[in-house]
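**Q** One-letter residues, chain by chain:
4 protein chains.
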Amino acid sequence: MIQSVAFIGLGAMGYRMASHLPRHFDTVYVWNRSFEKAKQHATEYGTQAVELSQAVQADIIFSCLPTSADVAQLVENLELKPGTIWVDCTSGVPDLARQLVTQLKNQGVDYLDAPVSGQTIGADNATLTVMVGGDFTAFERAYPAMQAFGKLIKHVGESGAGFAVKAVNNMLLAVNLWSVAEGFTTLKAHGVNLGEALDCINASSGKSGVTETIFPQRVLNRSFPVTFALPLLAKDAGIALDLVHAAKLPAPLIALTQSLIQAANQTAEENSDFSAAVKMYESWSKITLE
Amino acid sequence: MIQSVAFIGLGAMGYRMASHLPRHFDTVYVWNRSFEKAKQHATEYGTQAVELSQAVQADIIFSCLPTSADVAQLVENLELKPGTIWVDCTSGVPDLARQLVTQLKNQGVDYLDAPVSGQTIGADNATLTVMVGGDFTAFERAYPAMQAFGKLIKHVGESGAGFAVKAVNNMLLAVNLWSVAEGFTTLKAHGVNLGEALDCINASSGKSGVTETIFPQRVLNRSFPVTFALPLLAKDAGIALDLVHAAKLPAPLIALTQSLIQAANQTAEENSDFSAAVKMYESWSKITLE
Amino acid sequence: MIQSVAFIGLGAMGYRMASHLPRHFDTVYVWNRSFEKAKQHATEYGTQAVELSQAVQADIIFSCLPTSADVAQLVENLELKPGTIWVDCTSGVPDLARQLVTQLKNQGVDYLDAPVSGQTIGADNATLTVMVGGDFTAFERAYPAMQAFGKLIKHVGESGAGFAVKAVNNMLLAVNLWSVAEGFTTLKAHGVNLGEALDCINASSGKSGVTETIFPQRVLNRSFPVTFALPLLAKDAGIALDLVHAAKLPAPLIALTQSLIQAANQTAEENSDFSAAVKMYESWSKITLE
Amino acid sequence: MIQSVAFIGLGAMGYRMASHLPRHFDTVYVWNRSFEKAKQHATEYGTQAVELSQAVQADIIFSCLPTSADVAQLVENLELKPGTIWVDCTSGVPDLARQLVTQLKNQGVDYLDAPVSGQTIGADNATLTVMVGGDFTAFERAYPAMQAFGKLIKHVGESGAGFAVKAVNNMLLAVNLWSVAEGFTTLKAHGVNLGEALDCINASSGKSGVTETIFPQRVLNRSFPVTFALPLLAKDAGIALDLVHAAKLPAPLIALTQSLIQAANQTAEENSDFSAAVKMYESWSKITLE
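Chains as they are written, first to last, in the numbering used here: chain Y, 1 to 290; chain Z, 1 to 290; chain B, 1 to 290; chain X, 1 to 290.
One or more hints might be untrue.
Identical copies carry no separate label here, and so any pair may be met within one copy or between two of them.
Below, a list of computed lysine-lysine pairs in the DSBU-like style, where the Cα atoms sit at most 30 angstroms apart [as the list claims (entries may be wrong)]:
id : residue 1 : residue 2
1  : K279      : K151
2  : K81       : K105
3  : K286      : K105
4  : K39       : K151
5  : K286      : K39
6  : K81       : K151
7  : K151      : K37
8  : K279      : K81
9  : K188      : K279
10 : K81       : K37
11 : K248      : K286
12 : K279      : K105
13 : K248      : K279
What the hints contain is simulated information worked out from the structure, not anything from laboratory work.
Please work from the sequences and hints to get the whole structure.
**A** As structure tokens, then:
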């Protein structure tokens, strides 16, 4: 029976994810490097902003940080209590997941890689998808806690599998984003009505999350709202490519897309949304996607 | 007021599309190069199998042939009556659409490029998407006839625009097919449960028509049902790339995908479904997607 | 026996190529759209600057214009005398070569596509390579005239073959330029001494014209002298890709390189040398090749 | 003053490289896993086939093994004498070079990564290029020994730099091999005479080691002599790509080529020369390069 939970890392996603916890658990600790944010969260949602050393005494510890390296650094000097489950919702690196499993096992703690998808709106509505790698018993024990913010919660394999699925998902997002940019630029160059074309494709075999939501809601209306930063997509694309190479696989489309996204990230304005990767392509074509 | 319609080309799609016409129109002519098929259609659906010269006396002529070149060849020696609208549902070439417009205008006939998507199941259920290029008044006049088999019917631009949208749609299908093959092969190499991964991605930003239907219904179950032949996808990918070049655009992902699909087509078994393009990738990775 | 020759198009290459003709032929006509240049050439080299209509009365007519379209336009209204050979040194389009052959045959004139390589220094020294397509007898008759500026003069096939070889050569140049940029950027990122690395590679299997001359003489010394304009390389890369598609071949590396060169051309400063294509890559890597 | 040298690894390259050592040094030990080969070498060239433990007592130890991992495994259990220099001519991994430096420094031994290029003919003629990374003083001390088989011997940077240059060289070889295959297939499809085209390109800006030697001597004559195995080129291409990723660089051409070479290796016959990678492309194009 889970009595207490903690949420570490109150960024755009974590802040929202943690907001649902008080409805399900008596004790909810929150912690954030910029501690003001933790205090604000406590005020807003009735959580408890506490020292990190206290937070990690919870039965379930959630973390949601920018990178796996941030999690590893945090874990380094912590003393945890045996029986705890650390559920890491970071979009992280499979190899580091396996390292953390080994490291935390020494303290009797289970580690699950449990990245989420669904963006800020999914975090608001507690309808996130959670893709979980690691020990199956730990997964089952942590399941009720993940239900606080997740709708589809899947055990996809051993440690690192969750991170792998997330990385591949985001790589496919990148492939779709760039290829739709190429395709729609081509259509625009030929005088096609992009709005009508989008409707047709969304009812056809070429549709994707990008044609259904990203293009209409972010690109074609030129809003590019910064809800998922381009450097993070570039990082995830890199993780996906590392998986490809670790398995010694050829993967021409993934490899090319990773290069393009990395280049787009290098040439983008500060603080760009991932969808703004199309702007590098626009600089090549001299055609604006609107 | 449309009194009579004709349907030319009773292949996998055309046969089904024409089956709905008798419910809407008094006179429905059908014609097919292998004429037995036309007679079979007449028997089955109450259409009239007639000579081509008679069929083309209908108010609206639909055609659905393998390529634009087939349509052009057919049109060459026909005498049409002024006021007819030719609605060409072939997945064709934009440049040829414009040629046919000019050619048919001499006989007082309007030509619309009106390719469809939705595959055989959409043709069965009359829920096809129809993407139409050409004269807007002709589009409006032909609209009721297209409703016999179409659900979403859109005017996407001038002549050739319909073909362009279809070609780009199918190119995106090809991009998605190949990139999902790369991504899922990578996941399998890392021991991830593909079924669960698919569920997660289908609830996430990387989803596409390929992850939602093609992969579960054709690839992962190893069925590869031949409903849309690989050579036709290769042809459509070539049309899309031609559009890219005609507009003098760089398009690295589209160009690479076209090469891969063309190579997959060259090395595939006879009579392969488009989804069997993944088999070339499987020969590279030595991993079967199942 | 060749009595008179003409040279049409006195650009960077043509001006130098025509300078050798007076040493070999009694009558040498020159013509240039900006006629001042023709007069300057006459003064400098003892050629005769004449009206176009007179120039084309020569036994052998050389042309060297920016594009095949320029040649076609020029030819349109000319009256030529039967027995003339038109030797087109433009880096042109194979299809247009075949059109010009047909067109000029009506006037009893042979047309050879005869693009050159060797850059301005080769034109200065009369050591150009001439790759010739077209009728073999015409090739043999024009051979002595081409020797005025060419060292290696080869009949590579039927009409268009010369243009095809030139386009493929320039595409390989583009592939080499970009891949060497990627490779040397990688070496620099790892602290390798680029000059020593270049020496090693130039004695090894990975060497190319780019490692031997272009990189040391244009890129690493940051000179980028404008002797072969980037838009012309982009044009030639496009011709090469058109050949690929006309033959319905997959060609992933050529296709990708064409996209990259086209993008580099679109984003380059005005009046860039082809070697400055690497600057787009530098904007991606944030590493300068020096 | 170097008194004794050893050569470990008598493969196609090592066997020939070691053959020159007796002309320069009084004591030359050789060792090979299949010891018969060492004895054969001793008989043929007057070297001494000895136990590994004795061989490594030489002043300079050369090694030339298939992979860095083989070298690392060998070094693990050896006792070396301080002051020795280990000159590793393997085409290896930069990261492992740095590991070996650290490991051998504990025994007072210097390690240089010193891969060679020039193939078996260069090994026969002692005209190899040696690209060396590591301590400069050690480089200078080992220089005379490397002169026994090397002609151009360059210090290209710190530890790992030699391996990096070799990997990039071989990656450029792979890029050139594949792109020339695409280009010449295109020319053949258009009826161009490949031999004449090769002569033209070899006198032009698109030339490379591949057009100058690999294509005429291995591909177009269909000999594909197995002097450098395709799996080794695939391995080197992988090392190059790892360098790209370690530096977080985009590199679309390198990434694509690595995928193609890896796929070619996966689908090749056993015991293929690297040049046989073109056969995968031939299976796509249905055109034989001859």
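**Q** Now tell me if each hint is right for this structure.
**A** Structure-based check of all given hints:
no. : hint        : in the structure
1   : K279 / K151 : neither (34 angstroms within a copy, 34 angstroms between copies)
2   : K81 / K105  : within (11 angstroms within a copy, 42 angstroms between copies)
3   : K286 / K105 : neither (55 angstroms within a copy, 35 angstroms between copies)
4   : K39 / K151  : within (27 angstroms within a copy, 53 angstroms between copies)
5   : K286 / K39  : neither (47 angstroms within a copy, 40 angstroms between copies)
6   : K81 / K151  : within (29 angstroms within a copy, 60 angstroms between copies)
7   : K151 / K37  : within (26 angstroms within a copy, 50 angstroms between copies)
8   : K279 / K81  : neither (48 angstroms within a copy, 50 angstroms between copies)
9   : K188 / K279 : both (15 angstroms within a copy, 28 angstroms between copies)
10  : K81 / K37   : within (26 angstroms within a copy, 60 angstroms between copies)
11  : K248 / K286 : between (38 angstroms within a copy, 11 angstroms between copies)
12  : K279 / K105 : neither (45 angstroms within a copy, 41 angstroms between copies)
13  : K248 / K279 : between (32 angstroms within a copy, 18 angstroms between copies)
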